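Chains as they are written, first to last, in numbering that gives the first Met the number 0: chain A, 0 to 233; chain B, 0 to 825.
Hints are computed from structural coordinates only; laboratory data are not their basis. Owing to the predicted nature of the structure, the values given are computational and were not obtained by experimental measurement. Among these hints, one or two may not hold up.
Straight-line Cα separation of at most 20 angstroms, DMTMM-like style, residue types lysine to aspartate or glutamate; simulated pairs [to be verified]:
no., chain 1, residue 1, chain 2, residue 2
1, B, Lys14, B, Glu125
2, B, Lys425, B, Asp746
3, B, Lys772, B, Asp696
4, B, Lys96, B, Glu55
5, B, Lys441, A, Glu92
6, B, Lys441, A, Glu146
Just a sample of chain B residues kept apart from chain A, beta carbon distances all over 10 angstroms, derived [unchecked claim]:
no., residue
7, Gly437
8, Ala442
9, Leu795
Quick reminder that beta carbons are idealized off the backbone N, C-alpha and C, glycines included.
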Amino acid sequence: MSSAHPLTDGEIITISFRGQSFAPLISGALYWPAHETLLVADLHLEKMASFARSGQFLPPYDTAMTLARLEADIRLTGAKKLIALGDSFHRDEGVQTLNAQDRTRISQITGSLDWVWIAGNHDPSVHRLGGLCVNEISVSGCLLRHEPERGGQGLIAGHLHPAARIAMNGKSTRRPCFVWDDNQLILPAYGASTGSLNILSDAFAGLFNRSKLQVMVMGRDRLYPVGLNRLVRG
Amino acid sequence: MTALSPIVEDWFSAKGWAARSHQLDVLAAERAGHSVLLIAPTGAGKTLAGFLPSIEDLIATPHDGLHTLYISPLKALAVDVARNLMAPISEMGLKIKVETRTGDTPAARRQRQRFDPPNVLMTTPEQLALLLSHADSARLFGNLKRIVLDELHALVTSKRGDLLALGVARLARLSPHVRVTALSATVAEPEILREWIGAPVAPRPAVLIHAPGGATPELSILASEDRVPWAGHSAAYAVPDLMETIKRHGTTLLFVNTRSQAEMLFQNLWAINEEALPIALHHGSLSVEQRRKVESAMVGGNIRAVVCTSTLDMGIDWGDVDLVVQIGAPKGASRMLQRVGRANHRLDEPSKAMFVPANRFEVLECEAALEAVAAGAQDSERPLPGGLDVLAQHILGLACAAPLDADATFAEVTSAWPYREVSREKFDRVLDFVSTGGYALKAYERFAKLRKTPDGLWRIANPQIAQQYRLNVGTIVEEPMLKVRLVRARGIKKGATTGPIGRGGRMLGEIEEYFIDQLVRGDTFMFGGEIVAFEGVVETEAYVSRSFSQNPKIPSYMGGKFPLSTFLADGVRRIISDRDNWRALPDQVREWLELQAFASVLPGRESLLVETFPRADKHYLVCYPFEGRLAHQTLGMLLTRRLERARGQPLGFVASDYAIAIWCASDLSALIRTGRFSLDQLFDEDMLGDDLEAWLDESALMKRTFRNCAIISGLIERRHPGKEKSGRQLTMSSDIIYDVLYRHEPDHILIEATRRDAARGLLDIERLGTALKRIRRHIQHKPLERISPLAVPVLLDIGREPIFGEGREAVLREAAEDLIAEAMGR
Numbered sequence: 000m001s002s003a004h005p006l007t008d009g010e011i012i013t014i015s016f017r018g019q020s021f022a023p024l025i026s027g028a029l030y031w032p033a034h035e036t037l038l039v040a041d042l043h044l045e046k047m048a049s050f051a052r053s054g055q056f057l058p059p060y061d062t063a064m065t066l067a068r069l070e071a072d073i074r075l076t077g078a079k080k081l082i083a084l085g086d087s088f089h090r091d092e093g094v095q096t097l098n099a100q101d102r103t104r105i106s107q108i109t110g111s112l113d114w115v116w117i118a119g120n121h122d123p124s125v126h127r128l129g130g131l132c133v134n135e136i137s138v139s140g141c142l143l144r145h146e147p148e149r150g151g152q153g154l155i156a157g158h159l160h161p162a163a164r165i166a167m168n169g170k171s172t173r174r175p176c177f178v179w180d181d182n183q184l185i186l187p188a189y190g191a192s193t194g195s196l197n198i199l200s201d202a203f204a205g206l207f208n209r210s211k212l213q214v215m216v217m218g219r220d221r222l223y224p225v226g227l228n229r230l231v232r233g
Numbered sequence: 000m001t002a003l004s005p006i007v008e009d010w011f012s013a014k015g016w017a018a019r020s021h022q023l024d025v026l027a028a029e030r031a032g033h034s035v036l037l038i039a040p041t042g043a044g045k046t047l048a049g050f051l052p053s054i055e056d057l058i059a060t061p062h063d064g065l066h067t068l069y070i071s072p073l074k075a076l077a078v079d080v081a082r083n084l085m086a087p088i089s090e091m092g093l094k095i096k097v098e099t100r101t102g103d104t105p106a107a108r109r110q111r112q113r114f115d116p117p118n119v120l121m122t123t124p125e126q127l128a129l130l131l132s133h134a135d136s137a138r139l140f141g142n143l144k145r146i147v148l149d150e151l152h153a154l155v156t157s158k159r160g161d162l163l164a165l166g167v168a169r170l171a172r173l174s175p176h177v178r179v180t181a182l183s184a185t186v187a188e189p190e191i192l193r194e195w196i197g198a199p200v201a202p203r204p205a206v207l208i209h210a211p212g213g214a215t216p217e218l219s220i221l222a223s224e225d226r227v228p229w230a231g232h233s234a235a236y237a238v239p240d241l242m243e244t245i246k247r248h249g250t251t252l253l254f255v256n257t258r259s260q261a262e263m264l265f266q267n268l269w270a271i272n273e274e275a276l277p278i279a280l281h282h283g284s285l286s287v288e289q290r291r292k293v294e295s296a297m298v299g300g301n302i303r304a305v306v307c308t309s310t311l312d313m314g315i316d317w318g319d320v321d322l323v324v325q326i327g328a329p330k331g332a333s334r335m336l337q338r339v340g341r342a343n344h345r346l347d348e349p350s351k352a353m354f355v356p357a358n359r360f361e362v363l364e365c366e367a368a369l370e371a372v373a374a375g376a377q378d379s380e381r382p383l384p385g386g387l388d389v390l391a392q393h394i395l396g397l398a399c400a401a402p403l404d405a406d407a408t409f410a411e412v413t414s415a416w417p418y419r420e421v422s423r424e425k426f427d428r429v430l431d432f433v434s435t436g437g438y439a440l441k442a443y444e445r446f447a448k449l450r451k452t453p454d455g456l457w458r459i460a461n462p463q464i465a466q467q468y469r470l471n472v473g474t475i476v477e478e479p480m481l482k483v484r485l486v487r488a489r490g491i492k493k494g495a496t497t498g499p500i501g502r503g504g505r506m507l508g509e510i511e512e513y514f515i516d517q518l519v520r521g522d523t524f525m526f527g528g529e530i531v532a533f534e535g536v537v538e539t540e541a542y543v544s545r546s547f548s549q550n551p552k553i554p555s556y557m558g559g560k561f562p563l564s565t566f567l568a569d570g571v572r573r574i575i576s577d578r579d580n581w582r583a584l585p586d587q588v589r590e591w592l593e594l595q596a597f598a599s600v601l602p603g604r605e606s607l608l609v610e611t612f613p614r615a616d617k618h619y620l621v622c623y624p625f626e627g628r629l630a631h632q633t634l635g636m637l638l639t640r641r642l643e644r645a646r647g648q649p650l651g652f653v654a655s656d657y658a659i660a661i662w663c664a665s666d667l668s669a670l671i672r673t674g675r676f677s678l679d680q681l682f683d684e685d686m687l688g689d690d691l692e693a694w695l696d697e698s699a700l701m702k703r704t705f706r707n708c709a710i711i712s713g714l715i716e717r718r719h720p721g722k723e724k725s726g727r728q729l730t731m732s733s734d735i736i737y738d739v740l741y742r743h744e745p746d747h748i749l750i751e752a753t754r755r756d757a758a759r760g761l762l763d764i765e766r767l768g769t770a771l772k773r774i775r776r777h778i779q780h781k782p783l784e785r786i787s788p789l790a791v792p793v794l795l796d797i798g799r800e801p802i803f804g805e806g807r808e809a810v811l812r813e814a815a816e817d818l819i820a821e822a823m824g825r
């Protein structure tokens, strides 16, 4: 039941931001071809494991799921560099609770490319998993960090786990999304265990210039640009 | 002849009564050391039958401590039975201490009851589980003589019944000579219940005793002057007739299937209640105080009619009810028989009941139910194998009481009827789940809840685990609810999507979160007796504004909890398929069937009629399996998947208790005619293989089922002192947990529990499987030029019932196309 689509079928969908061209992926990663860099936000590794302390034994497979996604995206894009925009671990302690298998996978990735770990509010501490731990990093006029902020200029961030609820003909569906204007771009949360927050909720108030706002939602097997008039709360 | 003690004998003669034969039979069986299943209709003196052996035993042998434990599904019933028992005890001048213990009992008294128990304690399955989780349970129950289980038929088909069975198995181990007396309404297979109560107290088998039934009920179907509508569930056409009926009777109970039907009927009755007769409303979403007020007014005889849902299906004898009215689909024969029995206040007088169909298919269903009830036919559900989630909860509870021995515990839990077939391997997996989550990947050993002591017993790792267990005990999982608050509308301003919603209005009540989830701003629905417009969700509240529209856009009917029973479905098919059965039907319904026979064909008793026809710019496929709404929803989901693959281009479907309608962009009649498409293949049983798997993977119903299992099993918590999770957060996280678990360990014990529940619950896969087998190679295809008479009610349901379909992705695609159209200047 697919129909040909002039804007999105047969060619790579792109996001233009601050004069740079980015390719959003169906997984929620953002590829930056000019720098051969893959951007991901909010992996929240070891989130399920973090509940064990309080007696809730959630399936300890979210880390493996997220890493598998990451490996696939790296293969797909051939990225030379990976920048994780903070909250890569659900808690600092997650670095210790990693099982041997997941730890090996991470070191295989850090062995094959440059992994830049930006600190987030969930994982502020420096660790020794390989790659570089920083608070923020500047690339081609863009500032990459964990949290967006009001009045930010050229910020690429995560933190908020953006999602959009789209209403059409009396039906609605809610999906994670990329959201940006001329000044800031926020990536969806990448981790398998992450929830999401509607971009119409209070947490996003004042971050974007509404008249310049753009939204790209993640469908089952492709991305969809969506007009603001279709967004609803909830 | 069973001899009564002089005290009891004197009491009977002082009252001018004599003990009934079934009361004496129960006593005799008990004295011989047997457990008993007593099947008796309402009003047969069940309470006395259940407790006479206790009274006799306590007169003969004074007993220190707890002698009899009574368990009822309802708090209110426990309190009421206690009152009914205390009266004869005090009239006989006996010193038998009777107390109740429910969630409402003050903490101090509950504490005291554990070390200074009464002789007879009246409680619920959940309270029993709590009592059993304490270290002193062995002392408390060590000398227990009798267990009395009330309304057992209602408990055994749910997870509460599983929990109760495990609790009784434990009691039987703590007090090896304990006997069980169970009281039940009439059921389809009493043998199963007899085994159920006998299993844990073997070796002596339980005895089955039938109390004589009452007079045959007087049943009728409302013969209205007005036409029965084609579709809908409100029965608004019958309201004037109902008002007249209420006037003619002392007290009338009006049963409906859903809360929203109750609200609507209550409103409609009051709109024409010129004499201001006291007519009340009783359903589960009303506050407890409101419900108690109605109940006491009924007992006091101050009320003429009560509009109610299943909340009044069982429990206390509510004074004198002269007439029971069932409005809308009866759904099942046993359910109806029990409802009819609510008017049975004197055994020798017939109960009087009236059916009021709300639409034409329901006329057929009411006719089938009337025949079934008159013939005393039973179609009650049979108890199912026990839930593994409940077993997990119980094992943790046992470990909280004392370190447990795996072998002895396995023997104990498999003595409970629902768990009699659990293998040792499965039991060990559940134990492993309780201890560390039961994952193939051993990640949580160091956080284990249960640790093995040097002498090989499983002990809880720390006392907090027992505290946590007690907060999560029970198998009733509330649907996540949102508070509904009335606010000022935002008005229709351009680009107002992010404008602030007016805050702080009146609270209207609570509504299920899944209902709100499907709404978008501006959608109207009926709530608390008025039509409101949805404004948005703010934290855990749904904001609504007053609407001036006449008809709510979004239906809140949702079909009620129970699907049409297999037994009644067969009755409906039988009535339709044979003209001889049409004589009792109202003229308009008979004409409707005649018209169907003329314009299309009648559905056969064993075959499946499939009609295809064009309408407006779409092509419809309508089929009539009569297998109930849940199985139809599942079938609809699977059929649309297969139609999509077969290039039928399905756009959506709607399912009722009787039929399914699917609409497509492709001309199905032409595809079938030219042999490019086969209905036999479409309806092949193999849909329950890969297609079902693929759908389960993303099904919201599976996730809802999983959430229940996850809470009952203790994987996720209900609540925690201080940091209460809102239902909303809980749902979100349990969905993610399901996704991760299903993908990585699809044979995990909780996924197994979820699949089992879904197969028999929300998805009704078992019934669908049986139906597909039945209709195999019996599909009768009828291509038509236009809609058939039988299809009209189904198509009218579009817009009333929720519509399913591949929908979700289409929303995104359409929204994106919309943006492109805008970009290209339309």
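A quick look at each hint next to the structure:
{"no.": "1", "hint": "Lys14(B) x Glu125(B)", "result": "violated, 37 angstroms"}
{"no.": "2", "hint": "Lys425(B) x Asp746(B)", "result": "holds, 12 angstroms"}
{"no.": "3", "hint": "Lys772(B) x Asp696(B)", "result": "violated, 24 angstroms"}
{"no.": "4", "hint": "Lys96(B) x Glu55(B)", "result": "holds, 14 angstroms"}
{"no.": "5", "hint": "Lys441(B) x Glu92(A)", "result": "holds, 18 angstroms"}
{"no.": "6", "hint": "Lys441(B) x Glu146(A)", "result": "violated, 35 angstroms"}
{"no.": "7", "hint": "Gly437", "result": "violated, 8 angstroms"}
{"no.": "8", "hint": "Ala442", "result": "violated, 4 angstroms"}
{"no.": "9", "hint": "Leu795", "result": "holds, 17 angstroms"}
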